[in-house]
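Undergrad: Residue numbers (my numbering), protein chains in the order written: chain A, 1 to 89; chain B, 1 to 127.
Honestly, I wouldn't trust all of these hints.
Here are the simulated lysine to any residue pairs, SDA-like style, with alpha carbons at most 25 Å apart [as the list claims (entries may be wrong)]:
no. : chain 1 : residue 1 : chain 2 : residue 2
1   : B       : K44       : B       : V5
2   : B       : K100      : A       : L83
3   : A       : K58       : B       : K98
4   : B       : K104      : B       : P84
5   : A       : K7        : B       : F13
6   : B       : K44       : A       : I48
Hint data in this document are derived by calculation from the structure and do not stem from the laboratory.
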Amino acid sequence: MLDIALKISITLILMSILLNAYRLTVGPDMPDRILALDTMYVNSIALIVLMGLWLNTKTYFEAALLIAMLGFISTVAVCKYILRGDIIE
Amino acid sequence: MNFFVILEGVIAFFLIAGGIFAFIGSLGMAHLRDFYMRLHGPTKATTLGIGCILISSMLYFSTTQGEPIIQEMLITLFLFITAPVSAHLLAKTGLHLKLKHVPKTLGKPVELYREEVGEKPVPHPER
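Chain A with its partners taken away, still in its complex shape (with noise of 0.2 Å):
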């Protein structure tokens, strides 16, 4: 049961971020991007999640918590330029 719902899950994922990547390409204005972008980092964090699932082992978990931040970061430099034209004032 678990390695059903296992792969559903992860092709639901995939899914999701194939349709990031669309959003991304063709996003009209700036901010469309960086939206696009900010939700795939979640969705990638989800994926690595599925993936230490899938593998039995805690090892990757790190990796998804420096995704979280590093995608934080970023996202409010990127709003911050474009709010300020600036991102240490």
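Following the hints, position chain B against chain A.
TA: Here is chain B on its own, set in the frame of chain A:
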């Protein structure tokens, strides 16, 4: 009915629910017509989906290996704190760039006056 069979069913339910919620969030972001509409999908549905997936991971690893679940708790805490902050910053960026929106999207930026949005100015807005 063994205890572990029920627990496996709960873990499978949370996995599928998380996948469906994350897919709904990304589908909303790819399908909706407006940036302010598109902002709703990832900030709510995707956060809920990854919360479900992390709950299932917590249940699985705490049952099979008996280890503490600090890493999943840290990831959950960090994502649930930072998702509203990044959504707020993205909304401020969209309002700053004055992005086009469909007429169904109601409301306008509160810090702009009416003549800046393109309507007729009000002579005495305080009264």
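Undergrad: Which constraints among the numbered hints does this structure fail? Numbers only, ascending.
TA: 1, 3
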